[in-house]
Amino acid sequence: MSPFLFGAIVFALACYVLAMALGLLRLYRGPSAQDRVLAMDLIYTIGMLVLMVLAIRYRSAMYFEAALLIAVFGFVSSAAMAKFLLRGEVIE
Amino acid sequence: MMMPAGVSLWVEIPVALLLILSGLFTLTAAIGVVRFKTFFQRMHPPALAFSFSAWCVTLASIIYFSAQDARLSLHAWLIIIFLSLTVPVTTILLARTELFRRRIGNPGAGDIPPSLSHVVPRPAEGDEAPPKG
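These protein sequences, in sequence, are chains A and B. Here the first sequence is numbered in this note's numbering, starting from 1 and rising by one per residue. Here the second sequence is numbered in this note's numbering, starting from 1001 and rising by one per residue.
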């Protein structure tokens, strides 16, 4: 792995960590509940991107399954929370 | 580090550029989420992370693993397809949630359009017929 690609991976991971910190700030500060759901949506997507960059870093295809699982469960959880905020119950 | 023989530099350069681009897009999205004022403005920046960043990382991993395995490895497309199917659902649900809660909180205030489906009672029913039933 050339130093250029290694530096790019480190830069991307640093950007992701900073973005997750900013998302946590919105999660902490968010005036309404749907702001917090939105921030959590952003955070789990960035976590999925981190896993995909780590797959390139360690040259292992096993990370894709974890990224796919994060995408699936993140969608289910945020859709359930948005539905709960919308109606007061998840399944009606 | 004991790794198998890597890919050539001409493959690593576009991979690195795509990764840098995706990091910058994600950072832009997070800054927008923190700095925008209202919820309807804050709904927009995460779309950068959901579309551009995910596309860049997926393209980078497709290029890298295709060059490494010397065959087309497309399994990262699953993530993009799944993300592009599920993100609009979440976004619409959150937008409806914000509309619903604003209507419940202060009905008829500001620039919130009234509800069409009579789930939330309309604030002033002077000029139109009240809903049947």
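Just so you know, these hints were derived from the structure itself, not from any lab. The beta carbon of each residue, even a glycine, is placed where N, CA and C say it ideally should be. Some hints could be false.
Just so you have them, the derived chain A footprint on chain B, three or more residues with Cβ under 8 Å [claimed, not checked]:
1. 1008-1022
2. 1049-1063
Residues of chain B clear of chain A, computed beta-carbon distances all greater than 12 Å [what the hints assert, rightly or not]:
3. Ala1030
4. Asp1069
5. Ile1112
6. Pro1114
7. Leu1116
Hints and how they fare:
no. : hint      : result
1   : 1008-1022 : holds (count 9)
2   : 1049-1063 : holds (count 8)
3   : Ala1030   : violated, 4 Å
4   : Asp1069   : violated, 9 Å
5   : Ile1112   : holds, 14 Å
6   : Pro1114   : holds, 17 Å
7   : Leu1116   : holds, 15 Å
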